[in-house]
Amino acid sequence: MISPTAPRPRAVTIGEGLAVLVAQPGPLEDSESFERTAGGAEANVATVLAQLNVTAGWISRVGDDGFGRYLVQHLVERGVDVSAVVTDPVRPTGLYVKERGGGSGAVGDLAVGESRMLYYRSGSAASALSPADLGTPMAERWLDASALTHVTGITPALSESTTELTDSLVSMPRRGRLASFDLNYRPALWLGRATQATEVLGRVTRGSDVVFMGADEALAVFGTDDPAELRALFPQPEHLIVKNDAHTVTGFHGLKRVDVPALRLAVVEKIGAGDAFAGGFLAGLLHGLGHQERIRLGHLCAAAALTGHGDIARLPPLHRLEELLEVGVAEWARLEVANELAERIA
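Quick note, the sequence shown lines up with residues 1 to 346 if you use the numbering used here.
Honestly, the hints are just simulated from the structure, not real lab data.
Just so you know, not all the hints are guaranteed correct.
Stated by the list, open to error - SDA-like, lysine to any residue: derived pairs with alpha carbons at most 20 Å apart:
#	residue 1	residue 2
1	Lys256	Glu238
2	Lys256	Gln236
3	Lys256	Arg206
4	Lys256	Gly223
5	Lys256	Asp209
6	Lys256	Asn244
7	Lys256	His291
8	Lys256	Arg203
9	Lys256	Pro235
10	Lys256	Glu293
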């Protein structure tokens, strides 16, 4: 159960948050105004967990600047505890600009509905994250009290110190705490370091209890996109979740395998859907849902992200999610091929 009256488990995510500037549709050089919002994989997951009756915290570093203050306040307003966030007096908060297609055919413009991200995160405050950030009093308090930690493959890609932090997170004594890892492979962050990416991401995968990966990124990093081959390659995680191009998620819980189709919707924005899926699955795991129901909850949260704007998914009321989790296989299949879900979770 994920109702508000159920016990609230605790989870903490670790990684970079980003200020986001969303341009007007059309060529970037023609955009005279930008909408400000927030993003970052681990921050996104924390906000989804907070909406699903999980007490969620976020460990990170932000700059002593307006973007950093905005980012922290943005998460606070969405129910995320930021007491373990450190303000860096020297390095800036990372940000990215989101271009949106206007379909004009002009040079640099994208098709309507398409988007492109330009990142400005080199030397950011979060790129200085290190194992020391896991040892602050507030971070230790969160780690000791949490049932789960979550990090993505973006974090170790940022710098040598963030690689060390990620390794420390999965190798430290956990005392029953689960370690969750989303591969989240970003080739641009590993330019010229493909071999290192395979080594580092493989090491973190093997050291984690819950692992998410897209079939396409698994192929790029590990040389195969076949779920069974990936399970054979990585038998260590108790939970291995593979999302493939056929819009089906294959979930392994130990040796048990289940394939759950995604819900087909009129996609508005793809950014943040993977984070929403991870947040939904992890909340289901923490609340004791069954294997298939955890994946369904991930799909429902991803659907909320896909049918809305912005990186951070706004979920429907918990009682509606629970109703959809309980539908039969035939009803789930019917929802898969219809757009009515968007109406039911609006």
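Here is what the structure says about each hint:
1. Lys256 to Glu238: holds (10 Å)
2. Lys256 to Gln236: holds (14 Å)
3. Lys256 to Arg206: Distance of about 18 Å is within 20 Å: holds.
4. Lys256 to Gly223: violated (23 Å)
5. Lys256 to Asp209: holds (15 Å)
6. Lys256 to Asn244: Holds, because 18 Å separates the two Cα atoms, which is no more than 20 Å.
7. Lys256 to His291: holds (9 Å)
8. Lys256 to Arg203: violated (23 Å)
9. Lys256 to Pro235: Roughly 12 Å separates the two Cα atoms, so the pair holds.
10. Lys256 to Glu293: holds (14 Å)
Against the hints set out earlier in the document, violations occur for numbers 4, 8.
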